[in-house]
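Position 155 (the sequence shown) corresponds to 155 in the numbering used here; numbering is contiguous.
Watch out, some of these pointers could steer you wrong.
Unchecked claim - Here are the computed lysine-lysine pairs in the DSSO-like style, where the Cα-Cα straight-line distance is at most 30 Å: (1) 299 / 162; (2) 180 / 162; (3) 79 / 180; (4) 79 / 90; (5) 162 / 90; (6) 123 / 305.
The hints are simulated quantities; they were obtained by calculation from the structure and are not laboratory data.
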Amino acid sequence: MRKTPLLSIILTGIIGTSLASCSQDEPEVNLHQGMAIDFRPAMASRAAETTNANLTDIYVTAIETGSTDNYFSNLQFTKGNDGFFSSETKYYWPGDNNTLTFYAYAPSQDDMGADVIIDNTTKQITNFITPTEISQQIDIITATATGDRKDNEASGVPLTFKHILSQIEIDAKSESKAYKYVVAGARIGRAATTGTYDFTTGQWTLDMWHETEVYATSCDSVTLSATPVSIMGASGNAMLIPQQLTPWMPVGDPDNAARAAYLSVLIRVTTVDGALVYPSPTETKSREYGWVALPIDTKWEAGKKYVYVLDFTHGAGYHDPDDPNPGQSVLGDPIKITVDVSDWTSSSSDIDMPHGGGRIY
């Protein structure tokens, strides 16, 4: 049963660890109703990196055991000057010691561009569509927890957030003694864009049509060296729906009719003496740079960061599926790729640009 609000529900935003929260001192507390509901959140950094300093709002729904109605729904908690998160509307623990289950998320539904439905039958983020512009993509964090008055009134409820998207970064390098590579942008080709997230299972379901998109970004032109450099530019890293990628086939399906996955780099290749190799000299009037691509078949998992390091030392990949000559090898050998994967911390694996044949090592 909902009690007359007297105290704010308070949340503490913490990076990487949980601290005991304190309820605020208010002289008019009705001790028969008890203390306000407190949370002790813990959270890792977000991709566009959310930290304890820049996280300002979270949203929480509470469901009481045995009730057909929510205790409260999508309640906004805003960070105060004291570092605590509190709501304008104030709620107490149920006096009968019934258990409450909490479902929390950030950012808001409007910022996600999705619908959050949490009730006795459905607990989902629905109609989520990944923004086409990488600069508009945001991290989404969620948390669930249970608590009751007896166990959590004084100590607060531990509320641990997790990232539910995958973070993608593309880096590039080259140790070639024969060729000079100047890079000016990147593409993540044909990742699925639309899905539904279930709080109960912690899983995404892609929409039945498996709509895909090419996510492009530009960066200041950079000449590659032996030290890997991010080519994501000012847009930052991509935040995409977790999914199993099906690789593009540059030989069997150069035009990518299957709308399969690839990475592409906007590049200009010359010999170390300055002779233009790619785009070809006859194309320079229409374009200064050209796109080179290679297939990927990674399984992206929620909460993990994937750093693709493209090594142009021994090759430059294939003409992009949207290029006038899709699927053709640029220099012969494939790019080698290393992919680092971690839980919002990188873990790797290398990828070399191919000699031809399209194999990824």
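So, going through the hints one by one against the coordinates:
1. This hinted pair checks out: residue 299 and residue 162 have alpha carbons roughly 18 Å apart, not beyond 30 Å.
2. A threshold of 30 Å between alpha carbons decides the hint, and for residue 180 with residue 162 the separation of about 42 Å lies outside it, so the pair is violated.
3. The straight-line distance between the Cα atoms of residue 79 and residue 180 is roughly 50 Å, outside the 30 Å bound, and the hint therefore fails.
4. Between residue 79 and residue 90 the alpha-carbon distance is near 15 Å, which keeps this suggested pair within the 30 Å criterion.
5. A threshold of 30 Å between alpha carbons decides the hint, and for residue 162 with residue 90 the separation of about 26 Å falls inside it, so the pair holds.
6. Among the hinted pairs, residue 123 with residue 305 is consistent with the structure: their alpha-carbon atoms are about 26 Å apart, no more than 30 Å.
Hints 2, 3, counting from the list given before, are not met by this structure.
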